[in-house]
Amino acid sequence: MRDQEMIKMGQRYARLEKKLGEVDRARAIYTHVCQFCDPSDDKFNLWKVKFCELIAMFIFK
1 MRDQEMIKMG
11 QRYARLEKKL
21 GEVDRARAIY
31 THVCQFCDPS
41 DDKFNLWKVK
51 FCELIAMFIF
61 K
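Here the sequence shown stands for residues 1 to 61, numbered as in the numbering used here.
Certain hints may be false.
[To be verified] Label pairs and their in silico Cβ distance ranges:
(1) 3 to 28: 17 to 25 Å
(2) 19 to 40: 26 to 34 Å
(3) 20 to 40: 28 to 36 Å
(4) 16 to 40: 24 to 32 Å
(5) 5 to 28: 17 to 25 Å
(6) 5 to 31: 17 to 25 Å
(7) 38 to 13: 15 to 23 Å
(8) 3 to 25: 16 to 24 Å
(9) 40 to 5: 15 to 23 Å
Derived from the structure by calculation, the hints contain no laboratory data.
Idealized CB from N, CA, C, for every residue including glycine.
Turn these sequences into a full structure, and let the hints guide you.
So, in structure tokens, the structure goes:
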């Protein structure tokens with residue numbers, strides 16, 4: 001699986017976990033997915049995943 005596919009799948013899975021009330025799992029998934037982001041790649045913005053992680057950490061805890 002390519003990194004971008006892994007990122008998209010991880011984001012979908014994290015959103016599902018958040019909807020189910022599993023905020024800690026969602027946060028862990030976002031943290032895991034961040035390692036697949038290439039900060040020098042303009043096609044995918046690293047800040048988007050990090051922003052989602054921060055939202056999960058501060059709002060949904």
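Hint by hint, work out which the structure violates, then give me just those numbers in ascending order. As far as the earlier hints go, not one is violated by this structure.
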